[in-house]
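Dock chain L with the ligands against the given chain W, drawing on the hints supplied.
Single-letter residue listing:
Protein chains: 2
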Amino acid sequence: MSRVYNFSAGPAVLPEAVLKEAAEEMLDYKGTGMSVMEMSHRSKAYEEIINEAEADLRDLIGIPDNYKVLFLQGGASTQFAMIPMNLMKNKVADYIITGQWAKKAFKEAQLYGKANAIASSEDKVFSYIPDCSDLPISEDADYVYICENNTIYGTKYKTLPNTKGKTLVADVSSCFLSEPVDITKYGIMYGGVQKNIGPAGVAIAIVREDLITDDVLPGTPTMLRYKIHADNKSLYNTPPCYGIYICGKVFKWIKSMGGLEAMKEHNEKKAAILYDFLDQSKLFKGTVRKEDRSLMNVPFVTGNEELDAKFVKEAKAAGFENLKGHRTVGGMRASIYNAMPIEGVEKLVAFMKEFEEKNL
Amino acid sequence: MSRVYNFSAGPAVLPEAVLKEAAEEMLDYKGTGMSVMEMSHRSKAYEEIINEAEADLRDLIGIPDNYKVLFLQGGASTQFAMIPMNLMKNKVADYIITGQWAKKAFKEAQLYGKANAIASSEDKVFSYIPDCSDLPISEDADYVYICENNTIYGTKYKTLPNTKGKTLVADVSSCFLSEPVDITKYGIMYGGVQKNIGPAGVAIAIVREDLITDDVLPGTPTMLRYKIHADNKSLYNTPPCYGIYICGKVFKWIKSMGGLEAMKEHNEKKAAILYDFLDQSKLFKGTVRKEDRSLMNVPFVTGNEELDAKFVKEAKAAGFENLKGHRTVGGMRASIYNAMPIEGVEKLVAFMKEFEEKNL
Ligand SMILES: Cc1ncc(COP(=O)(O)O)c(C=O)c1O
Ligand SMILES: Cc1ncc(COP(=O)(O)O)c(C=O)c1O
Ligand SMILES: [Mg+2]
Ligand SMILES: [Mg+2]
Ligand SMILES: [Mg+2]
Ligand SMILES: [Mg+2]
Numbered sequence: 001m002s003r004v005y006n007f008s009a010g011p012a013v014l015p016e017a018v019l020k021e022a023a024e025e026m027l028d029y030k031g032t033g034m035s036v037m038e039m040s041h042r043s044k045a046y047e048e049i050i051n052e053a054e055a056d057l058r059d060l061i062g063i064p065d066n067y068k069v070l071f072l073q074g075g076a077s078t079q080f081a082m083i084p085m086n087l088m089k090n091k092v093a094d095y096i097i098t099g100q101w102a103k104k105a106f107k108e109a110q111l112y113g114k115a116n117a118i119a120s121s122e123d124k125v126f127s128y129i130p131d132c133s134d135l136p137i138s139e140d141a142d143y144v145y146i147c148e149n150n151t152i153y154g155t156k157y158k159t160l161p162n163t164k165g166k167t168l169v170a171d172v173s174s175c176f177l178s179e180p181v182d183i184t185k186y187g188i189m190y191g192g193v194q195k196n197i198g199p200a201g202v203a204i205a206i207v208r209e210d211l212i213t214d215d216v217l218p219g220t221p222t223m224l225r226y227k228i229h230a231d232n233k234s235l236y237n238t239p240p241c242y243g244i245y246i247c248g249k250v251f252k253w254i255k256s257m258g259g260l261e262a263m264k265e266h267n268e269k270k271a272a273i274l275y276d277f278l279d280q281s282k283l284f285k286g287t288v289r290k291e292d293r294s295l296m297n298v299p300f301v302t303g304n305e306e307l308d309a310k311f312v313k314e315a316k317a318a319g320f321e322n323l324k325g326h327r328t329v330g331g332m333r334a335s336i337y338n339a340m341p342i343e344g345v346e347k348l349v350a351f352m353k354e355f356e357e358k359n360l
Numbered sequence: 001m002s003r004v005y006n007f008s009a010g011p012a013v014l015p016e017a018v019l020k021e022a023a024e025e026m027l028d029y030k031g032t033g034m035s036v037m038e039m040s041h042r043s044k045a046y047e048e049i050i051n052e053a054e055a056d057l058r059d060l061i062g063i064p065d066n067y068k069v070l071f072l073q074g075g076a077s078t079q080f081a082m083i084p085m086n087l088m089k090n091k092v093a094d095y096i097i098t099g100q101w102a103k104k105a106f107k108e109a110q111l112y113g114k115a116n117a118i119a120s121s122e123d124k125v126f127s128y129i130p131d132c133s134d135l136p137i138s139e140d141a142d143y144v145y146i147c148e149n150n151t152i153y154g155t156k157y158k159t160l161p162n163t164k165g166k167t168l169v170a171d172v173s174s175c176f177l178s179e180p181v182d183i184t185k186y187g188i189m190y191g192g193v194q195k196n197i198g199p200a201g202v203a204i205a206i207v208r209e210d211l212i213t214d215d216v217l218p219g220t221p222t223m224l225r226y227k228i229h230a231d232n233k234s235l236y237n238t239p240p241c242y243g244i245y246i247c248g249k250v251f252k253w254i255k256s257m258g259g260l261e262a263m264k265e266h267n268e269k270k271a272a273i274l275y276d277f278l279d280q281s282k283l284f285k286g287t288v289r290k291e292d293r294s295l296m297n298v299p300f301v302t303g304n305e306e307l308d309a310k311f312v313k314e315a316k317a318a319g320f321e322n323l324k325g326h327r328t329v330g331g332m333r334a335s336i337y338n339a340m341p342i343e344g345v346e347k348l349v350a351f352m353k354e355f356e357e358k359n360l
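From first to last, the protein sequence lines are chains W and L. Numbering-wise, full-length UniProt numbering puts 315 at position 315 of the first sequence, and it's gapless, one number per residue. Numbering-wise, full-length UniProt numbering puts 335 at position 335 of the second sequence, and it's gapless, one number per residue.
For reference, chain W alone in the conformation it holds in the complex:
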């Protein structure tokens, strides 16, 4: 068996140790005589799995008791609706548009109330994060929405916006658990897990308790109420059991690596290797304003589409997978999530150097 270096933006590389454990436990989870896929979600064994996953996540982030951790289905895209349906009491929300995902969330919110785009970086193909220190926050805004790490464009908020006291809601799909966060600054932090945490099919929402109420918009489906999931500890209906089990293993893996401080160091080291190379390269260049660069998604270009395509093709042949940029952007993108080992980035840069020498 030979594993490739997988730079996919998501679903993405998972820790090999996690996959090995999952394979070993596939037919018999810890002497239960069954796979986790076959387990009743109301069984003791499964209850332990989901409870432990939640406890480990709380521990990693440092989530206080007044926040609920919800394991949900429907991906981040379902949250685009669930957030306004649960939070829009005044039917007003402010959105900061830093990429396709923020924009999609913004458009979805328009189905439910007045969603205002209070800032945007679309003027420069979303290659930067707007100054959010003094935005025209709506007086009656139910929340201010951001996409904290922009998977497609490779930008990341280094400072959270000044919401002027309004509730902050953040999509952290592509930076989940990549570094320490102060959860108390958020009303809701949520994301699909399929980048840094686990297999597609699980979304995690960390929601401050006061935002979880029965006062939702009329017509909100039961399954889209935060309260139903909070009241039932994510077991209102059958959850995506196996996915949550894998997430739990990843939480334990991150703990074993030293927690979020250690992940941050690890991720900064990897990102520096790639960005430093890009900054001195005469062939490749990053597309993002330096101060807004993501640690997770690194888009770059040669400036020549044919050469980009050649690079992606040759990289693939050399065992570097999924380096093609997002279909809406072009160029290249290396996603270097938590589970990407440092050697993966080192080897990629070595390959890029070689390519540069041959093609400059």
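Fair warning: there could be bad hints in the mix.
Subject to a maximum C-alpha distance of 27 Å in a straight line, what follows is the list of computed BS3-like cross-link-like pairs (lysine-lysine) [to be verified]:
{"#": "1", "chain 1": "L", "residue 1": "K44", "chain 2": "W", "residue 2": "K316"}
{"#": "2", "chain 1": "W", "residue 1": "K227", "chain 2": "L", "residue 2": "K103"}
{"#": "3", "chain 1": "W", "residue 1": "K282", "chain 2": "W", "residue 2": "K347"}
{"#": "4", "chain 1": "L", "residue 1": "K252", "chain 2": "W", "residue 2": "K20"}
{"#": "5", "chain 1": "L", "residue 1": "K313", "chain 2": "L", "residue 2": "K358"}
{"#": "6", "chain 1": "L", "residue 1": "K104", "chain 2": "W", "residue 2": "K233"}
{"#": "7", "chain 1": "W", "residue 1": "K233", "chain 2": "L", "residue 2": "K107"}
{"#": "8", "chain 1": "W", "residue 1": "K104", "chain 2": "L", "residue 2": "K233"}
{"#": "9", "chain 1": "L", "residue 1": "K89", "chain 2": "L", "residue 2": "K185"}
{"#": "10", "chain 1": "W", "residue 1": "K310", "chain 2": "L", "residue 2": "K44"}
{"#": "11", "chain 1": "L", "residue 1": "K44", "chain 2": "W", "residue 2": "K313"}
{"#": "12", "chain 1": "L", "residue 1": "K30", "chain 2": "W", "residue 2": "K347"}
{"#": "13", "chain 1": "W", "residue 1": "K104", "chain 2": "L", "residue 2": "K227"}
{"#": "14", "chain 1": "W", "residue 1": "K233", "chain 2": "L", "residue 2": "K103"}
{"#": "15", "chain 1": "W", "residue 1": "K44", "chain 2": "L", "residue 2": "K104"}
{"#": "16", "chain 1": "L", "residue 1": "K30", "chain 2": "L", "residue 2": "K252"}
{"#": "17", "chain 1": "W", "residue 1": "K310", "chain 2": "L", "residue 2": "K30"}
{"#": "18", "chain 1": "W", "residue 1": "K103", "chain 2": "L", "residue 2": "K227"}
{"#": "19", "chain 1": "W", "residue 1": "K114", "chain 2": "W", "residue 2": "K164"}
{"#": "20", "chain 1": "W", "residue 1": "K347", "chain 2": "L", "residue 2": "K44"}
Honestly, the hints are just simulated from the structure, not real lab data. Computed from a predicted model, the values in this text were never measured in an experiment.
Positioned in the frame of chain W, the structure of chain L with the ligands alone reads:
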């Protein structure tokens, strides 16, 4: 490793051959150098997986081109809302109440329009299927809704209701692929996969094309529109990739067993072993009217709660798991889905005989 006999109502037993393959492919799916969990849902390898899963399902059931197959998230419970939101043009629908799941769907529909309970078997604890040959179908009903196999109560429609020309919508969560069906009799056939088909976190909806329109109720979340998923071949957003992959393997397993005709024979054989025993037993008895008995879920009681508890406990110790009846009903329930081997049922009956001898 020793596997138990798992009579869970769902998530439930899966074919051992499927689990073995999944374990083997966990770190490297067919030479791709990665797990299916790590694969971009837009990659060629994954496209093949989902396309093949759909093709095999179409083949098994015999689904004509004017039906779409959708792989969705949110479980059957999300369909309870998705169905009225997409289908209630006249805001009227008729529901036949044969258990908790039909009732939950009925209640959810009331959020969106006039849902009528046109028949019910609640008078006898849902232990039978009402006569549905001449029901007061509403003239302007957008659809008639049934739960075709009632997981909790162990009943199954042997004849579909006479809908008097209205669209039939059926929850088949607990009888999916257990026997041949004529899909053309349904407008929508749907279910969570976590009983007969795969791991929790995937719902499959087979929807007749004319029911898939942009004319949905105002406020329908994008992710709850059938059309968005149909137009994007279940890849509008990141699907529950790994779950779909396992479903695909189960489809191939069913094919290798001889398809739905063979499954039916297999299931009838297993059910007969259990029902025949119940019918002659002096200790145990089935709770369902004979002509409405499910092939999949077999509830039974001793008539003595303490003895029931004793049975469940001793059965568990002997390697028969999850025989406790649903928390809302009590007694016992043996779910004997497709993947339950015939020996599992034979051994259970042998154990029941022994228990009867000792406790009568
Ligand atoms: C930042 C961000 N938000 C949302 C999404 C959409 O997630 P999902 O496919 O789970 O709906 C993505 C997907 O890549 C993303 O990167
Ligand atoms: C017949 C039936 N419908 C619906 C459901 C609910 O499914 P889910 O948990 O996927 O929402 C179940 C769950 O057991 C069921 O048996
Ligand atoms: Mg983006
Ligand atoms: Mg450069
Ligand atoms: Mg039922
Ligand atoms: Mg009897």
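Hint check:
{"no.": "1", "hint": "L/K44 with W/K316", "result": "holds, 13 Å"}
{"no.": "2", "hint": "W/K227 with L/K103", "result": "holds, 21 Å"}
{"no.": "3", "hint": "W/K282 with W/K347", "result": "holds, 19 Å"}
{"no.": "4", "hint": "L/K252 with W/K20", "result": "holds, 25 Å"}
{"no.": "5", "hint": "L/K313 with L/K358", "result": "holds, 15 Å"}
{"no.": "6", "hint": "L/K104 with W/K233", "result": "holds, 19 Å"}
{"no.": "7", "hint": "W/K233 with L/K107", "result": "holds, 22 Å"}
{"no.": "8", "hint": "W/K104 with L/K233", "result": "holds, 19 Å"}
{"no.": "9", "hint": "L/K89 with L/K185", "result": "holds, 20 Å"}
{"no.": "10", "hint": "W/K310 with L/K44", "result": "holds, 19 Å"}
{"no.": "11", "hint": "L/K44 with W/K313", "result": "holds, 14 Å"}
{"no.": "12", "hint": "L/K30 with W/K347", "result": "holds, 24 Å"}
{"no.": "13", "hint": "W/K104 with L/K227", "result": "holds, 17 Å"}
{"no.": "14", "hint": "W/K233 with L/K103", "result": "holds, 22 Å"}
{"no.": "15", "hint": "W/K44 with L/K104", "result": "holds, 25 Å"}
{"no.": "16", "hint": "L/K30 with L/K252", "result": "holds, 16 Å"}
{"no.": "17", "hint": "W/K310 with L/K30", "result": "holds, 25 Å"}
{"no.": "18", "hint": "W/K103 with L/K227", "result": "holds, 21 Å"}
{"no.": "19", "hint": "W/K114 with W/K164", "result": "holds, 19 Å"}
{"no.": "20", "hint": "W/K347 with L/K44", "result": "holds, 24 Å"}
Consistency with the previously given hints is maintained throughout, with no hint failing.
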